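Student: Here is what each chain is made of, one letter per residue.
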Amino acid sequence: MRIINTSEIISNIKEMCIEANHYLSTDMDKKLKDVVNTEESPLGKKILVSLQENLNIAKEEMIPICQDTGMAVFFVELGQDVHIEGGLLTDAINEGVRLGYTEGFLRKSVVKDPIIRENTKDNTPAIIHYDIVEGDTLKITLAPKGFGSENMSRVFMLKPADGIEGVKNAILTAVKDAGPNACPPMVVGVGIGGTFEKSALLAKKALARSFDERPEVEWVRNLEDEMLDKINCLGIGPGGLGGSTTALAVNINTFATHIAGLPVAINICCHVNRHVTRIL
Amino acid sequence: MDRNITLPITSEISEELHIGDYCYLNGVMYVARDAAHKRMDEALNQGKELPIPIDNAAIYYMGPSPARDNRPIGSAGPTTASRMDKYAPRLLDLGQKAMIGKGKRTKEVLDAVVRNKATYFAAVGGAGALLSKCIVSSEVVCYDDLGAEAIRKINVKDFPCIVVADCHGGNLYEEAIKEFQK
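Protein chains in written order, with our numbering: chain A, -13 to 266; chain B, 15 to 196.
A portion of the hints provided could be inaccurate.
List time: in silico PhoX-like cross-link candidates among lysine-lysine, alpha-carbon distance up to 25 Å [claimed, not checked]:
1. K31(A) - K147(B)
2. K107(A) - K131(B)
3. K154(A) - K192(B)
4. K192(B) - K31(A)
5. K32(A) - K196(B)
6. K154(A) - K196(B)
7. K52(B) - K147(B)
8. K196(B) - K162(A)
9. K192(B) - K32(A)
10. K131(B) - K31(A)
11. K19(A) - K131(B)
12. K100(B) - K19(A)
13. K94(A) - K191(A)
14. K167(B) - K107(A)
15. K171(B) - K31(A)
16. K131(B) - K147(B)
17. K167(B) - K162(A)
18. K16(A) - K32(A)
19. K171(B) - K98(A)
20. K216(A) - K192(B)
21. K94(A) - K192(B)
22. K32(A) - K100(B)
23. K107(A) - K154(A)
24. K94(A) - K196(B)
25. K32(A) - K147(B)
26. K196(B) - K17(A)
27. K125(A) - K0(A)
28. K147(B) - K45(A)
29. K171(B) - K162(A)
30. K216(A) - K147(B)
31. K45(A) - K171(B)
32. K162(A) - K147(B)
33. K121(B) - K94(A)
34. K98(A) - K52(B)
Hints listed in this document are in silico derivations from the structure and should not be mistaken for laboratory results.
Quick caveat, the model's predicted, so the values are computed rather than measured.
Here chain A stands alone, though its shape is the one from the complex (with noise of 0.2 Å):
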């Protein structure tokens, strides 16, 4: 058994709140430089270029890449033999979002209640999915969501009879509908199988998969080429404004699901695509 303090976590998800606004991983890095030289729209272009500078004042002069700082979603993959001390460990992660939010000079989105609509001035509570794992360590992703894109998500409770061409329908329905909106290019993460909720689960862990790692299973890797070949030739493009880059990606997560079912969750995140990942 391995004793992790909460003192240590809270300290690591403050850090880890400010890193994720400020920069982006090596992955979207890249992808966002490498899409300035292939799109075939003049204005899209210089949109792109926008945002690579966007990128540049953000790192350098620590203002969040994007003010929506997003509401923080965590996946928490708790070893089984790791025991925590100094408090509950839900309590430490929103200890740890509300000093980094409040101290990093973060925008506060979150309200108490979804009618009443007060906020919590500290963007508390955070959303948080735990899974129990095997080991003595713990790996905490960050992933602060905007609402932009966050609201342009879909499910879709598909029926088997819908097939692979059902879920190919529904992507593309989404990304039509997301349109300008959900400030593309955008990275669309799909959850398939699974149950209602578990299919929004997928399609947002989906999101936080770097782009070098794909999909063991044959057919997945192929739809997620295929997927984001066909996004692409929608005309969307770069703050929607029209253009060849409406996805940097497309990253699609399956699991088992009901003999009567086939659920599909489409997560779209605009291209400041955020996430974070420590292992203590």
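Following the hints, complete the assembly by docking chain B onto the known chain A.
Tutor: Quick look at chain B alone, frame taken from chain A:
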């Protein structure tokens, strides 16, 4: 076509603008998003005056991140304009001439743009750090309790944005896609 525009935008300036024009705005604009629009709408319903001079006003749909030391404002990119669609036609009919945001609008808003000789501009979504540098000064004018959603008066210099809906009925989001669809 690239254009430098000094705010406020009048009907005459609006008539010269066409979808696809890349504009650099200079001067005063107001910042308001969801909660501020709701309050302005409620004020009008109660027969009260608006907290900002609406005639020829430019409203930027934005909620900034907090400013660091020595900076007028934090990250300051546009938010999705469609959430203001419910309120925009009324404000345009009262004299507002420019909306700056991102994303599609309803037919009601686009009709109000034409009817009132106004303009809808898109700023680049997700370019909050870059756009922050175009804001020279910022002050909260009302609804301070709304935090990031308070109404601000900002002074901008060479603020880049693109005409996406003009008073001639043009809609760049629809036109541009046709050109690049395969």
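Student: Hint compliance check: list the failing hint numbers for this structure, sorted ascending.
Tutor: 2, 7, 10, 11, 12, 16, 17, 19, 21, 22, 23, 24, 29, 30, 32 and 33
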